[in-house]
Structures are given as C-alpha cells and as structure tokens.
Amino acid sequence: MTQHQVLEYDVVVIGAGGAGLRAAIEAATKGASVGLICKSLLGKAHTVMAEGGVAAALANVDDRDSWKVHFADTMRGGHYLNAWRMAELHAQEAPERVRELEGWGALMDRTPDGLINQRNFGGHAYPRLAHVGDRTGLEMIRTLQDHGIHEGIDVHMEVTVSKLLMDGGRCAGALAYDRERGRFKAFKAKAVVMATGGIGRAFLVTSNSWEYTGDGHALAYHVGAELVDMEFVQFHPTGMVWPPSVRGILVTEGVRGEGGILKNSEGRRFMFEDIPPLYKESTADTPEEGWRYVVGDREARRPPELLTRDHVARKIVKEVQEGRGSPHGGAFLDIAWIKEHIKDSEDHIKKKLPSMYHQFKELAGIDITKEPMEVGPTTHYAMGGIRVDPDSQMSTTVPGLFAAGECAAGLHGANRLGGNSLSDLLVFGKRAGEYAAEFAAGNTPVHLQDEQIDLAVQEALSPLERDPGADVGPYRLQYELQHLMQDKAGIAREEGGLTEALDELQELKTRAQAMGAGGSREYNPGWHTTLDLQSLLTVAEAVVMASQARKESRGAHSRLDYLDKDPEWGTVNLVLKKGHDGEMELRREVIPEIPEELQKIIEEQG
Amino acid sequence: MKTTTFKVWQGNSDGGELKTYEVEVDQGYVVLDAIHRIQAEQANDLAVRWNCKAGKCGSCSAEVNGSPKLMCMTRVDALPADQPITVEPMRTFPVVKDLVTDVSWNYEVKASIKRFSPKTADHGDGSWDMDQYDVERSQEFRKCIECFLCQDVCHVLRDHQLHDRFAGPRHYVYVANMEMNPIDTGDRVAELREELGIGYCNITKCCTKVCPEGITITDNAIIPLKERVVDQSYDPLARLIKLVKGSGD
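As given, the protein sequences belong to chains E and U, one line each in that order. So that you can map any letter, position 402 of the first sequence is 402 in the working numbering, and since no number is skipped, the others follow by simple counting. In the working numbering, each residue's number is its place in the second sequence (first place is 1) plus 606.
One chain only, chain E, in its complex shape (with noise of 0.2 Å):
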C-alpha cells in the first residue's frame, strides 16, 4: 500500500481555466460540493492570455447580428464538421454567459450608450467580440476567480492529476501529486470535469505554456474516451517571430480587427490575392472598402487580414516559401500606416491594444506606432479532443467523465474563430458543470481500488528511481518530440513525412518510458516533466494518426499531397479510441444529418 491522501467530493474539476472555473462555479451552484485542482497557482491558466475578445451576438454594435448568424459564420469557419448542436447551444447561450460576468465583477468596454462594445474578428460577420483592451482573457479569468472563491470551492493548486480512476466502467476520480512536496493524493469521485486545455507543448513554436501538455486528452483517452477532430490543430497566423527567445508569443487578431494590414517584403498586401470561394463575396475589394469596415460603415464588406485563421496562416507561409517574407521568415503586420487615417492614431493603438505596445517595446525593441511588427504562424489551439455528448459534455464512452472547453471537441469543427474559444468555455464550462452535478446527485457513490491507486503511484514515482544519466534528460527529449511534430506534422503535411513520424514516436515513447528524472520529489520540474511526456506523447500520435488518416485538406489541416479540399471528407469525423491490445484505433464516423431548421440558417446567412 502506497501512502496517499484521500480527498472526496460530488464532482472533480481538472483544470482552472476558464472552463474548469465555470465548471466548477455551476456545480458547486447546484448544491454538489466541488474540488478543483490546478497545475499552475490559480489565476495562471492560459485563459489568461486570450487577448482580444469573447465572441457573443449582443447585437450591441451591430443590430443585424443575431445567434443565427454566429452560428452559420461558426460553422462556415468550421467548415462544416462542427457538431452542429454545440455550434447551435453555443451561439444561443454565449450572450447570457457574458452578460453574467458583469455581474461578477467584470468590467468590459463600452459603446457610447454604456453597453458591452464588440470588435471585429475573422470569420464574423458583425462586430462580435465583447472585450476589455487587449487583455479580455485576463478580465475573465479573475472575474471567474474572484467569484469562485466565494462558492466554497475547494481549491488544490500546484496539484497535477497523474490518473484517471475507475470503478468498473465508471469514472471515479482522479490520483494526482503536488508540486511542493510530491505527496499523492487520490480524489475520488462521482463525476469528473476534464478542463485541461490544449496541446500546444507538443510543437516547438508555440502560443502555450508548459502546462498544455494534454494532459486531459491523454488520461480520458487511457481510461476509454474517444478523441475526434485530432487533425485540425490551429496554427495562428500572428505569432511573434523575432527575436528568438520570444517565437511563437502571440500576436492577438485584434491589431487586423483595428485596421492592422499584412504586407510582403515587396510592401504589397498579398492578403488581396487567392480569397477563398467561402468568402469571396464577403470580402472587400480594395484597401479603401475594407478600412470603411474597420470603421464601422455598415456597407462595406471585411478586408482579407480577416479571413479565417487557417487561411491567413497559409497564406503567410506562402510568402515566405517563396521568398518574399520579413528578414526573420515572416510578413510585416502594420498598424501604425492608419495614421493616414485616424488624427492621435499613437494614442489610439496604445489605448486599444495597450499589451500589444508593452510587449513589442519590451520584448523586440519596437514601437508598434511607429514601425511595423515581424509576424508568422504560431501553434495556438487544439479543435480536436475529447468527444462529448453535445447537451451534457458527457464524454460518449466513459460515464461520469465530462469535458469542456479546448480538451473538448465539437463546436470549432477543422478551424476555430477568434474569440469563440472564451465563449466556449463559459457556455460549455456552464453546462458541463450543471450536468456533472446532476450526475454526481442521481448516481451510487464510487469505490476506489487500491490497485489501481498503487499502480498509478508507482508509475509516477518510477522516473525517479532511474538512472537520469541515461539519456539526454527530459527537456531535451520534449524538445526532440517538439522538432518532430513541428517539421513533420505541422501547418503543411504529407504522407512520408507522417510515416516517419509515427515511427519516430515509437522510438520517443520507448526512450520516454526509460527516462530517469534527478533529484527528489520536492518541487522537481524535471521530474514534471518527464511525467508531461507521457501525455504530450499520446496526443503527438492521435495528431499524426488522424492527420495521416484525412487525405485532402481542410480548414487547418492541409495536405501538400492533397492539396484540395475532398467533399467526401466533408461528411466525416476521424474517431480514435484505445483498442483492447493497447494500441490506438482510428474509425471514421459520419457527421449526423444537420436539422432542416439549422440548415435553412446557414442557407440564409449564405
């Protein structure tokens, strides 16, 4: 018997994000008593970078918005393999999930009438995203903070869950370790919400921090949860590329939704050249029409800058590949040019993208009102994840597991818009905890097996007592992993390439599983990270294997072998699931038939 702690509640929350916060307010709402557990201190979460806004129909810039709207420009980004229902729950509920925070505390800006103001975005429509500055995210997640401590919530920060628990096919809580001292504590529970976040540590330029490892995809796929959509990870267009210490930082949308351009070395603005046939009527012709929608005329249609994410992403590389990128292999993106149009455009830039100034001056030594900014695609969300009931967030294989927000899958289908990932956490978040406590109070208790408890306390402690010597140490494994990932099953991929990687993961996973961690257990980011591994590993392959799988490209996944986009593709789901001998398992799953109501909609909204 191993030592351990045992910590019991109604339901478990892993993750404090956004969606673990929300989650874990609406549970404990409904009567369930709450822990909730956390890698980082709380508050930390990479909810805390989302810069430029919550995307909710408010209608209140623009009167001819409306959750039919949202939800068509939701699915057109998705390119139409979203779970139709989520795309549907989310663009109905997100104006009332943001509203509510103002109630908590928050502070969004205002439109001259006092109400929420709302920026433009790519993808949407109408003026969409409610926002504070450039620093939306940080305002959520301390509105969901300062309010969730109120709710009696238990707290456990520093606090990694290692295991899923179960008792028999159920989920039944979690075992976990705390960073301070390496003490073991098992949770157990009657449901569990999966809140972990993305996956973005799996590549080497990165939007992420360390803790988005996968973890939430990896543990609910080793107790049966099936993972979908694994092939469309997003790379953002606008990450920082210079100087190198700072690559892959993010650059948030909001600099092209105030009117930023993207330029070649040759200063023209290639965005104007190959628009999509999806939007084509939909973009505006000439500089002049789409700086009359950055400004608000109602006529003019959106300038190219504010395609979707996958697009301008590509579009981008392009440049480069082709010679005609930024000195450090970018495009130029310019915000200071609108001095030709806007008197005080220095105070302006400053005023609505104030981080945006900060870190540019601090970081690379430019003044964004002045000179323009070295950009290029940055690893930055996974679509795919743990499939989920659409109303419940209940994992579709694993009782008693739930997951929102972006361990989730389903809303963004194969490309995400811009501030629909902070609208999906409050909706989803919301509703997986409303459910999770419904299924805590209409459920029998669970039991822990003690096996199971030792087994996985054993697992976790092994990197310890091996030999670190013996390899080239955990860091510089991941960064191995993360040189793979990036070269072969990054923003553009092809059939040899995948196969290398699939076998090179092998190697990694077998030298991974004999990596020896020096020191104690006593705050040991090495030996952290030798355990993160494991996770960044399984979802490395669940990437490459679903990429591999999908033979055209669509949305953020593109083929350079298929460069088209199939409409036979465009009907399916890739399904992964852990197979009886352990090894992972791919099926293709048809997208269930869209109602005629909904399909009128996207219809409509052409």
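Rather than coming from a laboratory, the hints here were simulated on the basis of the structure. A portion of the hints provided could be inaccurate.
[Said to hold, decoys possible] With a straight-line cut-off of 16 Å between C-alpha atoms, the simulated EDC-like cross-links for lysine to aspartate or glutamate are: (1) U:720 / E:151; (2) E:350 / U:746; (3) E:352 / U:742; (4) U:725 / E:100; (5) E:352 / U:746.
Fair warning: this is a prediction, and the values are worked out from it, not measured in the lab.
Fit chain U to the given chain E structure using the hints.
Frame of chain E, contents of chain U only:
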C-alpha cells in the same frame, strides 16, 4: 552568442545559497530564458514558476540583481554586462524551493475580503449601462496580474512582517477595483481600517514603482481608499450624521 554568469539562489526552507552558472545567451534573451537554459542543460530540478512568458500571468516573479521583477520581461541585455546576474526568490514570502515561494497567504487574504455585490440590473436581460469614463477607473486596477511584486517590495510586509494585520498593496488595488466599480454596492471601509490595516501604509510608493502593469497603486488606489477611511471614520460631521441616523460602525 555570448556567455553570461548567473548566480541563482537554490535551496529550501532549511536554507540555501547562490549557485554559479555560465549560460549562453541568445539575442533578445530575458532572464527566464536563461533560467530555462540552466534547467534544461545543467540543473533539471531547478524550481521556478512560469506560465505565459509574456508578462500577462504574473507567475515568474523574482528578485533580479536585488530588484523585484518578472523574469520574463527582464531583458538580459538591459542589465549591467560587467557583473554576474543574481536571481533570488521573493524575500517577503517563505521559500518552497529555489525560486519558488509560498504565496498562499495572498490567496487567503483575498478570500477574506467582502465580495463584489452588484446593484439590481438596469435591464431585463441582466445587463447594466455603464459609461466608458466610469469603468476606466476600475479597469486600471483590473490590469493587475497578481505577480505580488508590490507585496514583495512593501516594507510593511518585507521588513516588518505584519502579514497578520496588513493586507498589502495588491489587496488595496483589489478593494479599490470593487469600491470604484459603478455597479458595486458593497462598503469595505471599516474592513480597510481594521482587518486590512490600510493605516500602516505610509505611501512611500515603492509598490507603484515595481508594478509591471504600470498601475498607479498609491495615487489611484491607496490614497483614495485612505480618504474614504478618514471621511467615514474620523470626519466629525460624518460621525454626527451617523450618530443621528443610528448607523455608526
């Protein structure tokens, strides 16, 4: 690429020492990059907190050459090149290990403060009308990333260790954000004077100087709150009115 000498404090609550590392420093390196390089190549178990690496989460607070800083926003080339760079944990909080300190006290203080409580909504959909001018006052305070550097530098906490009776600048900013929110109805003045101990602050403005978000903590948060305390608690006219109305504190 050039080599720079770093002296990094390593140890735990039982004690520790500065350990010397030679680190290859790339163009544009911030202190956190150097710490990561040490972690990857020389000391795998070196403990450090970090998340966003872009000055937005407030995790990587430390004392660089003796000054409270975010390691992710401190450029190596902005520090004197002719001497080693020292990196130490925040001194105001107990050390857990290496650069990681126990900041749980901050979370406890915050949870003890009277929560936000809005007036009834202006509209049936649960929304309020607020003017941009009015929200901007609190928005300044809401930029706080909870890095706790202001707590670290404040002499009431750092030198006098009055953690049991003084909430510190971070929490006055937190209170100010609610007190100046146009729809909040709570009154935290008595709390400020008693449990939160705002009177111990003698406005030396050290907190304002170290704030990486540039929040004017002393002038915009603490002084107005102190004025409210004075107005409500010590103004003879206000006291008389309170006595008559029978709502003395």
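Results of checking the hints against the structure:
Among the hinted pairs, residue 720 of chain U with residue 151 of chain E is consistent with the structure: their alpha-carbon atoms are about 13 Å apart, no more than 16 Å. Distance restraint check for residue 350 of chain E and residue 746 of chain U: the Cα-Cα separation of roughly 14 Å lies within the 16 Å cut-off, and the hinted pair is therefore satisfied. In summary, the hint linking residue 352 of chain E to residue 742 of chain U is supported, as the alpha carbons are separated by about 13 Å, within the 16 Å threshold. Distance restraint check for residue 725 of chain U and residue 100 of chain E: the Cα-Cα separation of roughly 13 Å lies within the 16 Å cut-off, and the hinted pair is therefore satisfied.
Under the criterion of a C-alpha separation no larger than 16 Å, the hint pairing residue 352 of chain E with residue 746 of chain U is consistent with the structure, at around 14 Å.
Violated hints: none; the structure is consistent with every hint.
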